[in-house]
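Assemble the whole structure, with the sequences as input and the hints as a guide.
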Amino acid sequence: MDRSSHLVEGPTDVRIRRIATPGLVFAAAALLAPAPPAAAQDHVHTLQVNGVGGGLPVFCAAPTVMAARDGAWSSSATWSTGQVPKAGDKVAVGTGRTIMYDVASDAILPCVEVRGKLSFKPDVNTRLRVVNLTVMEGGTLEVGTTAAPIADSMTAEILVPDTPFDEAVDPAQVGNGIESLGVVTMHGAVKKPTFVRLKDAARAGQTTLTFEEPVSGWRRGDRIVLPDTRQLRAADRMLGFRPQDERVEIADVSGATVTLSAPLRFDHLGAVAAQGRPALLPHVGNLSRNVIVRSENDKGTRGHIIFLARAGVDMRYVEVRDMGRTTVAPIDSAVFDAQGKIVRIGTNQIGRYAIHLHHTFGPKQPRPNTPQFTLIGNAVSEPAKWGVTVHDSHHGLLRDNIVYGAHGAAFVTEDGTESFNVFDHNFAVRVHGAGDNAPRGGYGGPGPDPGGDGSGFWFQGPNNYIRNNVAATAEASGFNLAGRLLGTVPMPAFQGADITVKSDTKPLDTLRAPVLEFAGNEAYGATPIGIDCGWNGDITKFTAWNIGRYAVMGTPTDRMVIDGLLVRGDTSVLADAQEDPTGVWIGNYASKQIAVRNADIEGVRTGIASPFFSGNIGVDPNARDGSILVEKSRFKSYIGVVIGTGYASNGAAAAGGRSLKKSATVRASTFEPLQGVPESPLAKPAAISMNYQMAAGDVERRDPIVVQDFNNKAGDSFKVYYSLGAPEKNAPCQEARAGLDGWVCK
Numbered sequence: 001m002d003r004s005s006h007l008v009e010g011p012t013d014v015r016i017r018r019i020a021t022p023g024l025v026f027a028a029a030a031l032l033a034p035a036p037p038a039a040a041q042d043h044v045h046t047l048q049v050n051g052v053g054g055g056l057p058v059f060c061a062a063p064t065v066m067a068a069r070d071g072a073w074s075s076s077a078t079w080s081t082g083q084v085p086k087a088g089d090k091v092a093v094g095t096g097r098t099i100m101y102d103v104a105s106d107a108i109l110p111c112v113e114v115r116g117k118l119s120f121k122p123d124v125n126t127r128l129r130v131v132n133l134t135v136m137e138g139g140t141l142e143v144g145t146t147a148a149p150i151a152d153s154m155t156a157e158i159l160v161p162d163t164p165f166d167e168a169v170d171p172a173q174v175g176n177g178i179e180s181l182g183v184v185t186m187h188g189a190v191k192k193p194t195f196v197r198l199k200d201a202a203r204a205g206q207t208t209l210t211f212e213e214p215v216s217g218w219r220r221g222d223r224i225v226l227p228d229t230r231q232l233r234a235a236d237r238m239l240g241f242r243p244q245d246e247r248v249e250i251a252d253v254s255g256a257t258v259t260l261s262a263p264l265r266f267d268h269l270g271a272v273a274a275q276g277r278p279a280l281l282p283h284v285g286n287l288s289r290n291v292i293v294r295s296e297n298d299k300g301t302r303g304h305i306i307f308l309a310r311a312g313v314d315m316r317y318v319e320v321r322d323m324g325r326t327t328v329a330p331i332d333s334a335v336f337d338a339q340g341k342i343v344r345i346g347t348n349q350i351g352r353y354a355i356h357l358h359h360t361f362g363p364k365q366p367r368p369n370t371p372q373f374t375l376i377g378n379a380v381s382e383p384a385k386w387g388v389t390v391h392d393s394h395h396g397l398l399r400d401n402i403v404y405g406a407h408g409a410a411f412v413t414e415d416g417t418e419s420f421n422v423f424d425h426n427f428a429v430r431v432h433g434a435g436d437n438a439p440r441g442g443y444g445g446p447g448p449d450p451g452g453d454g455s456g457f458w459f460q461g462p463n464n465y466i467r468n469n470v471a472a473t474a475e476a477s478g479f480n481l482a483g484r485l486l487g488t489v490p491m492p493a494f495q496g497a498d499i500t501v502k503s504d505t506k507p508l509d510t511l512r513a514p515v516l517e518f519a520g521n522e523a524y525g526a527t528p529i530g531i532d533c534g535w536n537g538d539i540t541k542f543t544a545w546n547i548g549r550y551a552v553m554g555t556p557t558d559r560m561v562i563d564g565l566l567v568r569g570d571t572s573v574l575a576d577a578q579e580d581p582t583g584v585w586i587g588n589y590a591s592k593q594i595a596v597r598n599a600d601i602e603g604v605r606t607g608i609a610s611p612f613f614s615g616n617i618g619v620d621p622n623a624r625d626g627s628i629l630v631e632k633s634r635f636k637s638y639i640g641v642v643i644g645t646g647y648a649s650n651g652a653a654a655a656g657g658r659s660l661k662k663s664a665t666v667r668a669s670t671f672e673p674l675q676g677v678p679e680s681p682l683a684k685p686a687a688i689s690m691n692y693q694m695a696a697g698d699v700e701r702r703d704p705i706v707v708q709d710f711n712n713k714a715g716d717s718f719k720v721y722y723s724l725g726a727p728e729k730n731a732p733c734q735e736a737r738a739g740l741d742g743w744v745c746k
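Be aware that the sequence shown starts at 1, since it is given in the numbering used here, and climbs by one per residue.
If you're looking for bench data, these hints aren't it; they were derived computationally from the structure.
Treat each hint with caution, since some may be false.
Derived CB-CB ranges, DEER-like [claimed, not checked]: (1) D298 x Y465: 27 to 37 angstroms; (2) C745 x T208: 58 to 68 angstroms; (3) G96 x S76: 14 to 24 angstroms; (4) D298 x T207: 45 to 55 angstroms.
Ideal Cβ positions, reconstructed from N, Cα and C, are used throughout, including at glycine.
Quick look at the structure:
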């Protein structure tokens with residue numbers, strides 16, 4: 001992808017890159033259009049910043065109060081006016097100045113601009129009410145550090161008041177929140193862990209919870225969240241969904257036990273134990289922190305946090321509450337003409353999220369083995385759309401964070417260029433979707449919305465590490481890794497690269513590249529799909545329980561290995577013959593290589609399913625034969641494996657291509673009957689089926705499923721053929737075998 005860039009010099013002599021990105025598939029034109037010349041702005045004080053349509057206003061271009069010397073905010077001697085800033089003042093902390101913020105003020109400041117250093121005193125309660133807190137390039141905002149976090153008994157608050165936009169200064173509504181081109185360090189008191197699994201199931205009416213391990217830093221008054229753990233029926237999903245996640249307050253903490261201030265309203269149960277494994281139980285997340293950034297009115301003009309260009313970011317144990325303005329409604333961003341004049345302001349600006357890493361390339365000279373940005377232990381609650389958004393930003397570390405109540409998605413990589421970020425042990429719970437029938441805010445206007453369906457983790461591209469994360473109660477999927485037609489995009493050639501400079505990049509073929517890592521993740525509870533994966537690569541040790549439709553939905557472009565999958569379902573759902581929860585669903589695997597190894601699937605209608613597509617699959621002369629291998633796996637499901645293979649001769653040669661095979665092998669796997677489930681009038685239970693949910697009366701010969709060492713019995717090998725109204729000539733025999741659906745031939 002060809003990207004052009006150059007340096008521009010703003011009126012305040014801050015040098016910042018800007019970028020034109022004509023080839024980025026899902027980029028919004030208004031967002032990525034080159035910023036207009038400063039002289040053409042309605043307000044002359046505007047910085048042209050990479051990826052910000054209309055530029056970033058300098059909100060404190062005409063400060064009324066300036067730091068005259070280093071010192072405490074509360075000291076009148078610190079300030080140019082000889083008095084502490086008061087309501088309505090525009091405050092500037094200039095280059096070289098260091099100010100210690102040491103007050104809990106209710107005065108609303110229109111802006112605070114930091115070119116020097118603004119540091120919150122860690123051992124007193126502090127509160128800053130500010131419409132725009134802007135950290136300029138070279139400036140530092142410090143609200144606690146790793147060495148000196150905000151003391152556990154204290155709070156530090158940054159409140160964004162409900163203040164209308166100044167349309168003359170900020171027609172694109174970039175402001176109202178924290179905007180950073182500089183260094184932001186925030187560190188609250190440590191919560192360890194930030195989320196923890198229950199030791200015992202929680203039931204309605206309980207006032208105590210016991211965890212798998214003791215917690216530290218959890219306090220009386222903390223707000224905690226329990227996910228909805230039910231396995232939803234079809235009628236319960238989407239418009240029929242009535243959530244049963246709940247937030248409660250802690251009354252007391254003792255080791256691994258917390259006492260609640262009110263009884264639970266709902267059950268929060270787990271999945272059944274089996275094969276020597278403990279029962280799978282839900283997690284409880286702590287949403288409270290003593291460093292707080294929030295909107296004062298969640299129904300009014302909300303704030304947002306955006307990090308830009310070479311911003312340095314280190315946020316740890318921060319609560320971000322009721323932030324973000326972009327909604328799941330259709331995007332309606334500001335439009336500028338060729339001269340940079342505002343044409344239309346818009347009603348739903350793109351890119352105003354709760355925490356937004358927006359084209360954040362990090363320090364030019366990064367320290368070795370140090371992330372370009374760090375988000376650890378933060379809690380984001382009730383964002384208007386996305387919770388944590390990584391957009392064209394790279395080499396970041398996101399660990400132990402919680403996002404609750406997001407709309408569209410909780411954790412997001414937006415463009416598909418995002419590379420080498422580590423998402424480790426984060427918790428997404430209760431993610432709202434736009435709904436199948438609701439208008440969605442796609443980048444091009446109404447239509448399918450990237451990241452708007454209701455997923456815990458939504459990733460546009462594969463070039464990141466995704467490990468040990470948990471998603472619960474998501475309206476669409478726990479993890480949405482569905483490949484999209486991005487083609488080849490630029491990724492950073494090295495840490496600290498500026499990918500607006502072509503020489504700093506190298507190409508990434510998103511259609512062929514495998515996910516760097518997807519391991520140890522978990523999805524459960526009131527969620528239709530555990531993982532929706534259209535990428536290549538390995539899905540390792542994925543756990544999914546009480547998933548309504550598919551624990552794994554695989555549609556890779558080339559190759560996929562699913563290794564160590566654990567699936568548990570609620571068998572009571574299967575009393576309804578129409579309910580068909582499935583462990584692994586694989587789309588048409590013609591010319592693709594699929595393997596499922598070491599799976600343990602129990603309590604679902606179908607263990608592994610892959611439908612049959614009768615369309616021409618052989619017109620590509622370079623395509624390979626497709627195969628699916630199931631080996632060393634355990635099934636305790638109504639139907640174990642049902643795979644629709646291809647035609648023995650699919651007629652492709654007549655169409656100018658070559659005949660492709662779609663072979664299937666089931667090797668060294670065991671099948672156990674599922675007790676207590678009534679027999680469905682649609683099909684009898686079977687270990688392996690060639691007929692379940694297949695169309696009857698297909699007269700063309702289909703390749704069989706090859707079975708080797710059935711039920712781990714050496715030498716018990718055979719082939720299962722499609723027999724649902726098929727002519728006898730299509731198989732070498734018409735033998736039946738108990739527990740198998742189809743003709744079984746040696």
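Inset, instruction - Against the earlier hints, flag every one the structure doesn't satisfy and list their numbers going up. - result: When the structure is compared with the hints, only number 4 turns out to be violated.
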